[in-house]
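Chain by chain, the residues:
Number of protein chains: 2
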Amino acid sequence: MPGIKEVAKQANVSIATVSRVLSKPETVAKETIKKVLAVIEDLNYQPNAAARQLRMSETTTILVVVPDITNTFFSNVLRGIEFVALENGYQVLLGDADNNAEREKGYLSILRQKKAAGMILLTAGIEAETVEEIASEYPVVLACEYLEGVNVPTVSIDNVSSARKATEYLINLGHKKIGFISGPMNSVLGRDRMKGFYQAMAQYNLKVEPDLVQEGNFSYKSGLDMMHKLLAYSHPPTAVFAANDEMAFGAINAIEQKGLTVPNDISVIGFDDIQFSSIFKPALTTISQPTFDIGTKAMELLIGLMTKQEMEKTQYILENKLVLRDSCYKCSR
Amino acid sequence: MPGIKEVAKQANVSIATVSRVLSKPETVAKETIKKVLAVIEDLNYQPNAAARQLRMSETTTILVVVPDITNTFFSNVLRGIEFVALENGYQVLLGDADNNAEREKGYLSILRQKKAAGMILLTAGIEAETVEEIASEYPVVLACEYLEGVNVPTVSIDNVSSARKATEYLINLGHKKIGFISGPMNSVLGRDRMKGFYQAMAQYNLKVEPDLVQEGNFSYKSGLDMMHKLLAYSHPPTAVFAANDEMAFGAINAIEQKGLTVPNDISVIGFDDIQFSSIFKPALTTISQPTFDIGTKAMELLIGLMTKQEMEKTQYILENKLVLRDSCYKCSR
DNA sequence: ACTCAAAATGAATACGTTTACAATGCGGTT
DNA sequence: AACCGCATTGTAAACGTATTCATTTTGAGT
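First to last, the protein sequences are chains A and B.
Counting along the first sequence from 1, when you hit position 181 you're at 181 in the working numbering, and nothing is skipped either side.
Counting along the second sequence from 1, when you hit position 238 you're at 1238 in the working numbering, and nothing is skipped either side.
Any given hint could be a false lead.
In the PhoX-like style, the derived pairs of lysine-lysine whose C-alpha atoms are separated by at most 20 Å in a straight line are [to be verified]:
hint: 1; chain 1: B; residue 1: K1176; chain 2: B; residue 2: K1195
hint: 2; chain 1: A; residue 1: K34; chain 2: A; residue 2: K9
hint: 3; chain 1: A; residue 1: K281; chain 2: B; residue 2: K1281
hint: 4; chain 1: A; residue 1: K258; chain 2: B; residue 2: K1207
hint: 5; chain 1: A; residue 1: K281; chain 2: B; residue 2: K1221
hint: 6; chain 1: A; residue 1: K229; chain 2: A; residue 2: K258
hint: 7; chain 1: B; residue 1: K1105; chain 2: A; residue 2: K281
hint: 8; chain 1: A; residue 1: K330; chain 2: A; residue 2: K176
hint: 9; chain 1: A; residue 1: K177; chain 2: A; residue 2: K221
hint: 10; chain 1: A; residue 1: K221; chain 2: B; residue 2: K1281
hint: 11; chain 1: B; residue 1: K1177; chain 2: B; residue 2: K1207
hint: 12; chain 1: A; residue 1: K176; chain 2: A; residue 2: K229
To give an idea of the chain B side of the interface with chain A (calculated C-beta under 7 Å), a few residues [said to hold, decoys possible]:
hint: 13; residue: E1082
hint: 14; residue: H1228
hint: 15; residue: K1281
Just a few of them, taken from the derived set where beta-carbon distance is under 10 Å, the chain A residues facing chain B [unchecked claim]:
hint: 16; residue: N71
hint: 17; residue: E82
hint: 18; residue: V84
hint: 19; residue: L86
hint: 20; residue: N88
hint: 21; residue: G95
hint: 22; residue: G106
hint: 23; residue: Q113
Calculated from the structure, these hints are not laboratory results.
Ideal Cβ placement from N, Cα and C applies to all residues, glycine included.
Given these sequences and hints, build the entire structure.
Below, the structure is given as structure tokens:
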């Protein structure tokens, strides 16, 4: 409630001095600083953010757009972002796109209104060119997804090679008939992981049967449904690669509903290594992403952009690893 | 980039009319509106949020403080909040307290700087009196937790009676030696749920053995550890009530690690009904909270406070229900 | 054609800061 | 004594918008 001029009056100085005490203390006499600080403390004065922002034309808020806040994978990245944001005096504005490209687009106005100084996109439901256009005007970094040919600072893992790695693991276990439950084809993530699957199969001269590739939408239910579809074929796969963990859980439960067991009858591998993957039974073999690190790195990158620092590098591919647990086993057939 | 005066110049009107076109269109001629709107469209003009906020001394941002963004229980509430926030033109600023009261306190300055018009607390790590003090100065609503004797608008479930209900269910199944894995005693949630447990036991004249009550911290690992402790006693319980689902998972996995099965050897009931509870095996019997609704209701309440509407009611206790799944069974001993 | 109320517009101010610039005071140098 | 440089402080102007008040335009009624 009290403004800077109230402080100035009580401290018997000009408002300029008060302002300086807060932002450039080295230019004001120690004696005065002490006096002013005392009044500030006394009145519990806090500078008005809007006024400061207007004057300086810069804000300390940034926007993070998440496809689904409920997914622990994303919320972990978010945690990383918030962590370094806070450390550097930034606040994060949350935009839950709810898997809806239109809603995602709506958040862009926040940048235009200068309510946020920059943005981190945890997904790209919107078209690549729109992203590039926005990025040319405002500080933007892409996390989790790598957009081919788009020159926007990015931090992610290599989804293609990771998916290849997962598939190879299954192949090396002796599996030949391998099913794939993909993510939605309209997402980069979905397409990249599928690409990796095909690469691995081709590399080992294994034929991928179109019937054994089903498109899910990253949800538990789609994993369950698609697995049931796969099980209905005359020659079901001996191993299944699900493009994320939640779908893998669905697949496993579908298999068990049919009276079969994982990994003895069918092996299942997932992707992401969310929290529950190690709690689930059987514990899920999966690709682990450094979610927290993706978040911190993305935020560091964004800070670099916003403060116009010279950047040695703007594309980061973080390491991921295959974590071996109990849901895969050697092929017995 | 273009300001209101650029629009004014190109439309050949004063900045006042441009402003009016945006905020009070009914006071300006249709002809002019069309002209101005065209220029706005053309220049892709967006009003500067900081300037507007400074002039009107009100912002459309609200702050939500979450104890742990990673917990799907809270992220679901958050989703509800964001949903109605967006619908009403508000943005939500995220504060992840990371289960740290100090960090939680730090977010209060955001209110003082007027960066946010109000706040929703999804937890109360800070003391009740601090909350009340803040609430007397700014619009604040409490969600998820009910603070005894604190007159702050609240939406939650009745944790005490729900915990009682869960315990009663176990008792009616014939269990007498019932263990309890509590939440942390420094949280209201933890204390309330324990209170319910004791009430039910007392009501049925069952003795609660101090050894069978263990304090966890709502994490999977603490559930696992505490259950191992319970199993180590000479007369382990035949049923266990875990104060949240994650600890229940830990308990179940601990039981199975000992070669026992749930629910045949020991029944386990949880609390919250997070997403994973129906996926887990055995599917978890638990108390289901209307998380999304808690979020929407809390945000509606906050909007009411911020717009100074007359409120018929400021304390909401939402319904919860016991969802029966596969982790509990009749006592065989 | 003239009047007058109502409708539409413009000029000017305030919101609470930061900061460029000017003003002041002080000690030391010539 | 006059002057200079430096440290400290104050004055005033901006930032982009909303709004009060005054002014102009419009249109209906005579």
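For each hint, the structure was consulted:
For the hint linking B/K1176 to B/K1195, the alpha-carbon distance of about 18 Å falls within 20 Å, and the restraint holds. Taken as a hint, the A/K34 and A/K9 pair is honoured in the structure, with Cα atoms around 15 Å apart against an allowance of 20 Å. For the hint linking A/K281 to B/K1281, the alpha-carbon distance of about 7 Å falls within 20 Å, and the restraint holds. Restraint check for A/K258 and B/K1207: the C-alpha separation of about 44 Å exceeds 20 Å, so the hint is violated.
A threshold of 20 Å between alpha carbons decides the hint, and for A/K281 with B/K1221 the separation of about 16 Å falls inside it, so the pair holds. Distance restraint check for A/K229 and A/K258: the Cα-Cα separation of roughly 12 Å lies within the 20 Å cut-off, and the hinted pair is therefore satisfied. Pair hint B/K1105 plus A/K281 does not hold up; C-alpha atoms about 39 Å apart against a cutoff of 20 Å. The suggested pairing of A/K330 with A/K176 holds, with an alpha-carbon distance near 11 Å, which does not exceed 20 Å.
Of the supplied pair hints, the one linking A/K177 and A/K221 is violated, its CA atoms being roughly 23 Å apart against a limit of 20 Å. Of the pairs offered as hints, the one joining A/K221 and B/K1281 holds, with about 16 Å between alpha carbons and a cut-off of 20 Å not exceeded. Restraint check for B/K1177 and B/K1207: satisfied, since their Cα atoms lie roughly 8 Å apart, inside the 20 Å limit. Distance restraint check for A/K176 and A/K229: the Cα-Cα separation of roughly 19 Å lies within the 20 Å cut-off, and the hinted pair is therefore satisfied.
At its closest, the beta carbon of B/E1082 sits 5 Å from a beta carbon of chain A; the interface hint therefore holds under the 7 Å criterion. Against a cut-off of 7 Å between C-beta atoms, the interface hint on B/H1228 is violated, since the closest Cβ of chain A lies about 15 Å away. Residue-level restraint check for B/K1281 holds (minimum Cβ-Cβ distance to chain A is 6 Å; threshold 7 Å). At about 8 Å, the closest approach between the beta carbon of A/N71 and any beta carbon in chain B falls short of 10 Å, and the interface hint on this residue holds.
Checking A/E82 against chain B: minimum C-beta separation of about 5 Å stays under 10 Å; hint holds. Look at A/V84: its Cβ only gets to about 12 Å from chain B, farther than 10 Å, so that hint breaks. For A/L86, the shortest C-beta to C-beta distance to chain B is roughly 8 Å, which falls under 10 Å, so the interface hint holds. Hint status for A/N88: violated, given a least beta-carbon distance of 14 Å to chain B, over 10 Å.
Nearest Cβ of chain B to the Cβ of A/G95: about 8 Å, under the 10 Å cut. The hint holds. Annotation: A/G106 was flagged as interfacial toward chain B, and the flag holds, the nearest CB pair being 8 Å apart, inside 10 Å. For A/Q113, the interface hint holds, since its Cβ comes within 10 Å of a Cβ in chain B; the closest pair sits about 4 Å apart.
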